[in-house]
Amino acid sequence: MNEIVLFDSWAWWEVLEETPAGRVLSERYLEARRVRVLTVDYTLAEVAAKLARIDRAQDIEGALDAISTADMIPITSQVAALAATLQVELRRENGDASVGDAVMLAAARLHGAILISGDPCYAGQRDVRTS
Amino acid sequence: MARKAREAATEAEVTVVPKRIGGSLAVFLPADFVRREGIREGQSIRVVVRAKGRHPALGLLKHIPYEPFNRHELESKSDE
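So the protein sequences, as listed, match chains P and R. Here the first sequence is numbered in our numbering, starting from 1 and rising by one per residue. Here the second sequence is numbered in our numbering, starting from 1001 and rising by one per residue.
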């Protein structure tokens, strides 16, 4: 494996909706050889919650199955501990940064992965890309 | 759709000859893969077949009007 990336819910949503950004993400990472795509298990809950919120509960199972083709990683105590400090850092730049935002970044860093996300709260982070 | 269909850590790309589908199949593994995995003659291995190309997630929710995923909106108490 040459590259490790971590898709957050934003990245998966772009792929699921097949936006121009999503097509690039799929070709560059999901369909590529020698790229390992990680996803934090909490992402499954986020995508399911969004689908329920927009009254598309019937799409939840299929979407979660498709996302589960990635290597799922849990929120371990190391991820949680790093996320706690990262949220404080992220909030210095963006007051909206949530625990969820920090968990994604912490999981990516602990696995040596680039976080793929379009969330503006990651602006300026060295290891976050939108594509 | 099968969950966890791929074994990323032990992946090798091989080509299936269509005329052999349905019968016995010889799989020629790349030499570097065989060395890396320590595969020896007569040893049983597990093979996962996954068609190359379009990822199953791509476009799965294309029928839903697009609005970007926003974690902050999702976590807010209001539905407005």
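Worth flagging that the hints you see were computed from the coordinates, not collected in a lab. Predicted model only: the values in this text are computed from it and were never measured. Don't take each hint at face value.
[What the hints assert, rightly or not] Residues on chain P that point at chain R, a partial pick, calculated with CB under 8 Å:
id	residue
1	13
2	18
3	22
4	30
5	31
6	56
7	57
8	58
9	67
10	69
11	93
12	101
C-beta atoms are modelled at their ideal positions from N, C-alpha and C, and glycine is treated no differently.
Against the structure, the hints come out as follows:
| no. | hint | verdict |
| --- | --- | --- |
| 1 | 13 | holds (4 Å) |
| 2 | 18 | holds (4 Å) |
| 3 | 22 | holds (7 Å) |
| 4 | 30 | holds (4 Å) |
| 5 | 31 | holds (5 Å) |
| 6 | 56 | holds (6 Å) |
| 7 | 57 | violated (12 Å) |
| 8 | 58 | violated (11 Å) |
| 9 | 67 | holds (6 Å) |
| 10 | 69 | holds (6 Å) |
| 11 | 93 | violated (14 Å) |
| 12 | 101 | holds (6 Å) |
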